[in-house]
Structure formats: structure tokens, C-alpha cells
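With our numbering as the guide, the letters of the sequence shown map in order to residues 635 to 830.
Don't read these hints as lab results, they were simulated from the structure. Ideal Cβ placement from N, Cα and C applies to all residues, glycine included. Heads up, a few of these hints could be off.
[What the hints assert, rightly or not] With a straight-line Cα cutoff of 35 angstroms, these simulated DSBU-like cross-link-like pairs (lysine-lysine) come out:
no.: 1; residue 1: 723; residue 2: 694
no.: 2; residue 1: 685; residue 2: 765
no.: 3; residue 1: 694; residue 2: 765
no.: 4; residue 1: 637; residue 2: 723
[What the hints assert, rightly or not] Computed beta-carbon distance windows for the label pairs:
no.: 5; residue 1: 754; residue 2: 698; range: 24 to 34 angstroms
no.: 6; residue 1: 809; residue 2: 709; range: 48 to 58 angstroms
no.: 7; residue 1: 786; residue 2: 680; range: 45 to 55 angstroms
no.: 8; residue 1: 754; residue 2: 640; range: 53 to 63 angstroms
no.: 9; residue 1: 668; residue 2: 824; range: 14 to 24 angstroms
no.: 10; residue 1: 710; residue 2: 787; range: 43 to 53 angstroms
no.: 11; residue 1: 773; residue 2: 705; range: 41 to 51 angstroms
no.: 12; residue 1: 737; residue 2: 806; range: 42 to 52 angstroms
no.: 13; residue 1: 672; residue 2: 824; range: 25 to 35 angstroms
no.: 14; residue 1: 691; residue 2: 772; range: 49 to 59 angstroms
no.: 15; residue 1: 651; residue 2: 718; range: 19 to 29 angstroms
no.: 16; residue 1: 704; residue 2: 787; range: 56 to 66 angstroms
no.: 17; residue 1: 736; residue 2: 692; range: 37 to 47 angstroms
no.: 18; residue 1: 724; residue 2: 701; range: 33 to 43 angstroms
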Amino acid sequence: RHKEVVFFLLWYIIFYLPVSDLVPIANPMACRFMYLPSIGLLVFLAFYLHKAFNSAFLRKYSRHLSGMLHAAVILICVTRTLFLNEDWKNNFYVGYAWVRDYPAVGRGYALMGREYFNVGLFEEAKSYLEKSVLLGDRMPSDVLVLAECCRRLGEFQEAQALLRQIILRHPDYADALHELQTVKNILKETGKSGQL
635 RHKEVVFFLL
645 WYIIFYLPVS
655 DLVPIANPMA
665 CRFMYLPSIG
675 LLVFLAFYLH
685 KAFNSAFLRK
695 YSRHLSGMLH
705 AAVILICVTR
715 TLFLNEDWKN
725 NFYVGYAWVR
735 DYPAVGRGYA
745 LMGREYFNVG
755 LFEEAKSYLE
765 KSVLLGDRMP
775 SDVLVLAECC
785 RRLGEFQEAQ
795 ALLRQIILRH
805 PDYADALHEL
815 QTVKNILKET
825 GKSGQL
């Protein structure tokens, strides 16, 4: 009877299927995947909420009840949006929210580690990046930042081991090759070359 409602319900289903995790998505905080599907679902819900709020059953109790219910839904949506905006202020907040909400996913730890590295807090950065690697997140750029943390903290052997792992998996990764050479040069200059 309501072709528009059917259209938006189908819209939701059609746009939701590609992001429904039938094919696993590595990024659990990627809310953008739901932008298109949510249009259909929200119009569908709005139609039935509006219908329910304006029903004769509710009007029988109070003529202002419908307006109050509409205002309550809008207030809930605005409040939720404000709280979500806090999580998206900058990369540090995104990383913190990711670690808080998805502690078993390494990407949040990697993001926190990079942010700590960018402000020069290498101990904290190393701790988060190690947790990221431990959870299986082995993005070469993140492991490279972990190796740089080790170098800056004077842990040259650990830095070399990490860099060799990257180069073994990605032999053409120039930044890792450059960082490994930097570590070797420091060890040569300080006389701690040992087994290079």
C-alpha cells in the first residue's frame, strides 16, 4: 500500500548488503559504510514513527503528546550526535574510542601509537604499537613507526629485528630500508655494531 516505504526499505537492504560483513570489513569504526543504507532505514522508521505518534489512540490522551514524542526523538538524535562528535575530534580521540569500543582490534592501538609518536612520547607510542602488532595488525607503516620508536629509545637490536621483518615481507619498502640503514649507521658510530 505504501510504495515509498517499500522503496526505502529496499534501499536499506540493497545498500546494506555490501557492508553487512558477509565479506569481513577490517575497520569496525567505519561509520561511513552505513551512510547510504541508513537513509532508507531512517525514512522507513520516520514514516512509521510519525504514523504512530499521530494515531487516534495517542491523540485521545493529549493533543500535545504527538509533538512531545516528535521532539523527544529529535532530542535523542541530537544528543547522540553530539556524543559521537566527541569521538571524532581528531585522530587521538578516534584512536581512544576505537581502543575503548573494540579492544580486540589492533588498528585503534596503532592509531594511538602513531599519535603518541607524533608528539614525541615514544614509550607510550611503543606500548600501543606493540599491542597493535600483538593483535595481528601488521601494517608495514605501523611496524616502521614501532621500529623508529625503538631506535629513538636506544633499543637498536629490537629496531633491526622489526625492520628486517618488514623488509622480508615487503622487500621494496624504501622507508624500511632507509630506517635500517640509519640504525646500522648509529650502531657503527657508537661502536655497538655487533652483529649487523
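Going through the hints against the structure:
A threshold of 35 angstroms between alpha carbons decides the hint, and for residue 723 with residue 694 the separation of about 45 angstroms lies outside it, so the pair is violated. Restraint check for residue 685 and residue 765: not satisfied, since their Cα atoms lie roughly 50 angstroms apart, outside the 35 angstroms limit. Distance restraint check for residue 694 and residue 765: the Cα-Cα separation of roughly 59 angstroms exceeds the 35 angstroms cut-off, and the hinted pair is therefore not satisfied. Straight-line distance between C-alpha atoms of residue 637 and residue 723 comes to about 40 angstroms, which puts the hinted pair past the 35 angstroms bound.
Hint check: residue 754 to residue 698, Cβ distance near 58 angstroms, so the stated range 24 to 34 angstroms is violated. For residue 809 and residue 709, the Cβ-Cβ distance of about 49 angstroms falls inside the hinted range of 48 to 58 angstroms, so the restraint holds. In this structure the hint that residue 786 and residue 680 lie 45 to 55 angstroms apart at CB holds, the actual value being about 53 angstroms. Between residue 754 and residue 640 the C-beta distance comes to about 57 angstroms, which sits within the given range of 53 to 63 angstroms.
Range check, residue 668 to residue 824: Cβ separation about 53 angstroms, and the 14 to 24 angstroms hint is violated. Range check, residue 710 to residue 787: Cβ separation about 47 angstroms, and the 43 to 53 angstroms hint holds. For residue 773 paired with residue 705, a C-beta distance near 46 angstroms keeps the hint of 41 to 51 angstroms intact. Take residue 737 and residue 806: their Cβ atoms lie about 34 angstroms apart, and the range 42 to 52 angstroms is violated.
Taking the beta carbon of each, residue 672 and residue 824 are about 57 angstroms apart, not inside 25 to 35 angstroms as hinted. About 58 angstroms separates the C-beta atoms of residue 691 and residue 772, a value consistent with the hinted range of 49 to 59 angstroms. Separation of residue 651 from residue 718 is about 24 angstroms and conforms to the stated range, judged on CB atoms against 19 to 29 angstroms. Restraint check, residue 704 to residue 787: a C-beta distance of roughly 57 angstroms satisfies the suggested window 56 to 66 angstroms.
A beta carbon spacing of about 40 angstroms between residue 736 and residue 692 agrees with the range 37 to 47 angstroms that was offered as a hint. A C-beta distance of roughly 38 angstroms is found between residue 724 and residue 701, which places it inside the suggested range of 33 to 43 angstroms.
Comparing the model with each earlier hint shows violations of hints 1, 2, 3, 4, 5, 9, 12 and 13; every other hint is respected.
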